[in-house]
Amino acid sequence: MLDTIFFYVFALLTIGGAIATITRRSAMHSALSLIVSLLGVAGLYLLQKAEFLFAVQIVLYIGGIMVLFLFVIMLVNLDQAAKERQFNRQWLLGLVASVLVGAQMVWMLNSAGVLSLPAAVPAPAATGPGNIEALADLLFREYLLPFEVASLLLLVAIVGSVMMAKKTS
Amino acid sequence: MPEGYLPIFVFMVVALLFPVVAIVAAKLVRPSSPFATKLEAYECGIKAASSSRGRYTVRFYIVAILFVIFDVETIFLYPWAVRYQSLGWFGVAEVTVFLVILVVGYVWAYKKGALQWV
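First to last, the protein sequences are chains W and A. Sequential numbering of the first sequence, starting at 720, is according to my numbering. Sequential numbering of the second sequence, starting at 17, is according to my numbering.
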């Protein structure tokens, strides 16, 4: 019961944030709305007992990726875009197309029997070690080499970003 | 919701309510008499020359990118910290190799002057 309430709260946050993201005129407001939406997704991960994904969502997406978004908004000149029409004139055609695609998806899912499932199924109770423990065992024992190679990938990212943004003076 | 997260959620709700209640309560109590002089720069303050939404130098972007990269590093350390006891010295060795490779990159960026202020 409590889980269902939390599910709808987080779902509302996600969808509300997403709608605000695409309708705000100021790019900065859009980015801040996107943070709300991502926070809702983080809550949905937590409801599914995916605690590692919850941490990744908060630390990486809300903490890191959004910083990049805000920096990009500050780096480029958005005054022009803020004054122009927000939605183009083909909105009627777009509405018809999206309704058609949506109806097609619903029909497909219905014929596959997905829609007949009860709504908002709570996650099965986790047994044994938690999500993060299981991930740690896999990452540090079985997938040792990919883990170390990931650090090389990050090293390449450091070198690439510094070389691209640094002036050769 | 997994056990133990309810206090965090309550904390978040209180944190969200606090500014809302403060702003609404202040709005109800204070008198309202807006006029243009109130919005100007105060006393010896300098009048704004242009919009604050100007373009920033790309140098700040390097700092942001480096922050994201070390953010990813932190998230890799998280499962290791949870499983620290059972992984033992093997895990310490693994993470040391992981960190050394990244610290090499950090030292290189530092030497290159990427973190220097202007």
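Note that these hints are calculated values from the structure, not bench results. There's no promise every hint is true.
Facing chain W, according to a computed beta carbon distance under 7 Å, are these residues of chain A, among others [to be verified]: (1) Leu32; (2) Ile78; (3) Ile81.
Just so you know, these numbers come straight off a predicted model, no measurement behind them. Where is the CB? At the ideal position from N, CA and C, for every residue including glycine.
Each hint, compared with the structure:
| no. | hint | verdict |
| --- | --- | --- |
| 1 | Leu32 | 11 Å, violated |
| 2 | Ile78 | 5 Å, holds |
| 3 | Ile81 | 4 Å, holds |
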